[in-house]
Amino acid sequence: MSAPRTAAPGTEPVPAATDAVRTPPPPLNAKLAHRLLVDFVADEVKKTGVTRVVLGLSGGVDSALAAGLAAEALGAANVLGIKMPYRTSSAESLQHADQVAERFGIESMTVEISPQIDAYFERFPDASASRRGNKMARERMTILYDHSARLGALVLGTSNKTELLLGYGTLYGDMASAVNPLGDLYKVQVWDLARHAGVPHEVVDKPPTADLWVGQTDESELGFAYPEVDRLLYAMIDLRFGRDELVAAGFAPDFVDGVARMVQRSQFKRKLPVIAKLSRRTIDRDFRYARDWGL
Amino acid sequence: MADRFTVALAQTKPHLGDVARNLRQHEEAVAAARDAGANLVVFPELSLTGYHLKDDVPSVAQRVDGPVVRRLEELSRDVTVVASLVEETSDFRFFNSALWIEQGAVRHVHRKVYLPTYGMFDESRYFARGGHVRALDTGFGRGAMLVCEDLWHASTIYLAALDGALFVVCPSSSPLRGVSEDAAQDDNARFWELITRAYAQTYGIFVVYVNRVGFEDGVGFWGGSEVVDPHGRTLVKAPYYEPGLVTCEIDLAEVRRKRIAAPLLRDEDIDLTLRELTRIRHGAPR
Numbered sequence: 200m201s202a203p204r205t206a207a208p209g210t211e212p213v214p215a216a217t218d219a220v221r222t223p224p225p226p227l228n229a230k231l232a233h234r235l236l237v238d239f240v241a242d243e244v245k246k247t248g249v250t251r252v253v254l255g256l257s258g259g260v261d262s263a264l265a266a267g268l269a270a271e272a273l274g275a276a277n278v279l280g281i282k283m284p285y286r287t288s289s290a291e292s293l294q295h296a297d298q299v300a301e302r303f304g305i306e307s308m309t310v311e312i313s314p315q316i317d318a319y320f321e322r323f324p325d326a327s328a329s330r331r332g333n334k335m336a337r338e339r340m341t342i343l344y345d346h347s348a349r350l351g352a353l354v355l356g357t358s359n360k361t362e363l364l365l366g367y368g369t370l371y372g373d374m375a376s377a378v379n380p381l382g383d384l385y386k387v388q389v390w391d392l393a394r395h396a397g398v399p400h401e402v403v404d405k406p407p408t409a410d411l412w413v414g415q416t417d418e419s420e421l422g423f424a425y426p427e428v429d430r431l432l433y434a435m436i437d438l439r440f441g442r443d444e445l446v447a448a449g450f451a452p453d454f455v456d457g458v459a460r461m462v463q464r465s466q467f468k469r470k471l472p473v474i475a476k477l478s479r480r481t482i483d484r485d486f487r488y489a490r491d492w493g494l
Numbered sequence: 105m106a107d108r109f110t111v112a113l114a115q116t117k118p119h120l121g122d123v124a125r126n127l128r129q130h131e132e133a134v135a136a137a138r139d140a141g142a143n144l145v146v147f148p149e150l151s152l153t154g155y156h157l158k159d160d161v162p163s164v165a166q167r168v169d170g171p172v173v174r175r176l177e178e179l180s181r182d183v184t185v186v187a188s189l190v191e192e193t194s195d196f197r198f199f200n201s202a203l204w205i206e207q208g209a210v211r212h213v214h215r216k217v218y219l220p221t222y223g224m225f226d227e228s229r230y231f232a233r234g235g236h237v238r239a240l241d242t243g244f245g246r247g248a249m250l251v252c253e254d255l256w257h258a259s260t261i262y263l264a265a266l267d268g269a270l271f272v273v274c275p276s277s278s279p280l281r282g283v284s285e286d287a288a289q290d291d292n293a294r295f296w297e298l299i300t301r302a303y304a305q306t307y308g309i310f311v312v313y314v315n316r317v318g319f320e321d322g323v324g325f326w327g328g329s330e331v332v333d334p335h336g337r338t339l340v341k342a343p344y345y346e347p348g349l350v351t352c353e354i355d356l357a358e359v360r361r362k363r364i365a366a367p368l369l370r371d372e373d374i375d376l377t378l379r380e381l382t383r384i385r386h387g388a389p390r
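Read top to bottom, the protein sequences are chains D and F.
Okay, so the first sequence: first residue is 200 according to the working numbering, each after it adds one.
Okay, so the second sequence: first residue is 105 according to the working numbering, each after it adds one.
Hints in this document: simulated from the structure, not taken from any laboratory.
Cβ atoms here follow ideal geometry from the backbone N, Cα and C, with glycine treated the same way.
Hints are supplied without guarantee of correctness; some may be wrong.
Calculated cross-link-like contacts (lysine to any residue; reagent style SDA-like; alpha-carbon spacing at most 20 Å) [said to hold, decoys possible]:
#1 F:158 x D:271
#2 D:246 x F:356
#3 D:470 x F:158
A short list of chain F residues far from chain D (calculated; beta carbon distances all over 10 Å) [to be verified]:
#4 119
#5 172
#6 280
#7 284
#8 287
#9 297
#10 348
#11 369
#12 370
Chain F on its own, in the form it takes in the complex:
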């Protein structure tokens, strides 16, 4: 296990429903990441398909043992790849999934557990809901993947941190909305930047957030991908609203330093949480 590794954030602009074209985009970004010295390259949510798929979900879906994922596995021989797609299962369910692909094989699949279905979002109409939040042992130490809306639920990162993750990778397709304040970015971007910092500091964890850009049916995505360290510092930031590939080194010794200074996770009382959750779960309906 390497204590230090270099991550590349591939802030792409996927083409809606065009997997072949998006796969070429992945090939190019992986090559660029490798040239930049990266050990890990992370793509946005649904990086192989685009976001507003609607009835196109079954047409663009891929099996984890299918040819598109096999190509990604080939790409992962030198550089570990986190890519995101519509995963079709053998019983014909479709998940919004992120894949951890390392040294030529898929090591872990995270199926998005919180599918936003309100306002401008309609994910539960098209996707099955994932049922697990699990950290995994990677070539760079223990980490976890959470997809976009997952991270808006504090419970997911709480579970990932307690499961031993030293870093969380979050592929995202976050749309811009709210052009009201006198700021360099929209309201949604500023909310994300608030929670990534809060979570990173609360759990003494690295947060690797990778968002997409471009417009789909008038909906823009704000980009602004970043790595936040356990002290809440921004190590690298991709541009807002335009594509980019940025890299930075992650030194897991910072997790150690932060957790010595503020051992919040050590003091976390899982039994207390379980007791209270059990009471709430079986108590009077709210």
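With the rest of the complex left out, here is chain D:
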């Protein structure tokens, strides 16, 4: 789902790469990736003894692709998309969510979040936009988990690799899920795969937005375009280019440093909370098991 997002503290929008960059964009074999992700969803969901998933349907490309993959993996009847608009959410987003549900034949329902969000912020009227956005993301998370309990389903994640690396998501909000088929796909790869998977073109082609206020877009908020940052992240993370090599390859030094800082400062969002080690076996340090342990 498209999420309320805030950049990591202390990071300002940074200038994007302008010169011709000599590293490749993240490649994708869409046909193979599609097949593998359908298999992944089927395998990782069913082995838990569950056959259904719920996900937030925002009208954006990420949740659209996740819905399509899940429908193929589990059968459309086993996928529930929940639209959770706030009163400022755009009508177009809701319409796109409906198009996605229709395209993949999944059931969808609407749970408005305005009453509880407004009731809460009546007590804190001075709350910033980012506090409001994070609160909405976490409200949506509780709704998804509640309906997953109602249906005996798992919550399907929709965070892509770009936003996970940049920390452009709300911890325990839109980042919360049981199974996430998109977490190793950069945004540009999500676009490619979404086209391949038959996501309606209006959904793929529109500018990504958290839809928190009118006219908001991810790229204006972040200060760079997804194709640029994905090319940088792919070289930095996947190809292990060092700072000097990235600059030599044509990325602006400020862009490299700014993005590297975002990745580093959001590391906490990709980890369990810090636990003080007291015993001989501490969870996740020397008590190590796969999540699929015994499955």
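Please build the complex by placing chain F on the supplied structure of chain D, with the hints as guidance.
Same frame as chain D, now just chain F:
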């Protein structure tokens, strides 16, 4: 010794840490292999336990004289079985081992010598390293077992070939990664398919490669098990990414034909290799 035998590749999807369930899977696959006329059935690496065991390694470990292996020995009365598990020794070490089980008894244990511990792998943290690469005389002629990463070290198959192996059996848990090229499979699968063919032709040997499928914690295994003959031809290929059981006949006369045409192994100069290895071993640090 039979010059011809039929091998079944049991491309399974093990359940992580559930030995009893995996043993039932072995029973079913052995029965299916027998029905398909196989003399030998080969399972993937850690076929009885699954791969990402981590701290579960001691809990799922089996003694070679224990009840699980005894059951596999019973299964091997009609069909020779190559199965793979966590082996616990009497001094409490744990090995990633493949067992050659023939006519009701374990004939050979290969303990994985190269334990990948880099990137996504952490095997040395949990397993002791094997210390031997040995060919063995089987009911089908001389062969050798190498487990997964072992075969990424050219030295292991070199030793197996010089030790007289006419075929190499390689149980594997090879994860898919790299979905970049416009190919029917991932980058890792294509690398494996390159080396199995190269080794088969270089040493005039059959390569029996058996990989697993399924996902563990999001890591998928690509399957694609196969038999490659000494000429580099694929005799049989299991599907990518899904379970399967395929069989094919191995005719060791092909080894003879290949080695007459290209006697590379005959010409291999072990003394030269030993001399140079000794020099390198005792020479200046690299």
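Verification of the hints:
1. For the given pair, residue 158 of chain F sits about 32 Å from residue 271 of chain D by alpha-carbon distance, which is inconsistent with the 20 Å threshold.
2. Distance restraint check for residue 246 of chain D and residue 356 of chain F: the Cα-Cα separation of roughly 42 Å exceeds the 20 Å cut-off, and the hinted pair is therefore not satisfied.
3. With a CA separation close to 19 Å, the supplied pair residue 470 of chain D and residue 158 of chain F stays within the 20 Å bound.
4. For residue 119 of chain F, the non-interface assignment is contradicted: its Cβ lies about 7 Å from the closest Cβ of chain D, within the 10 Å cut-off.
5. No beta-carbon of chain D is positioned within 10 Å of the beta-carbon of residue 172 of chain F; the least distance is around 17 Å.
6. In this structure residue 280 of chain F is not separated from chain D by more than 10 Å, as the shortest Cβ-Cβ distance comes to only about 7 Å.
7. At the 10 Å boundary, the C-beta of residue 284 of chain F falls inside the reach of chain D, the nearest C-beta of that chain being 4 Å off.
8. The Cβ of residue 287 of chain F sits about 7 Å from the closest Cβ of chain D, inside the 10 Å cut-off, so the non-interface label is violated.
9. Annotated as non-interface, residue 297 of chain F keeps its C-beta farther than 10 Å from every C-beta of chain D; the closest such distance is 15 Å.
10. The claim that residue 348 of chain F is not at the interface with chain D holds, since no C-beta of that chain comes within 10 Å of its own (minimum 14 Å).
11. The claim that residue 369 of chain F is not at the interface with chain D holds, since no C-beta of that chain comes within 10 Å of its own (minimum 37 Å).
12. No Cβ of chain D comes within 10 Å of the Cβ of residue 370 of chain F; the nearest lies about 42 Å off, and the non-interface call holds.
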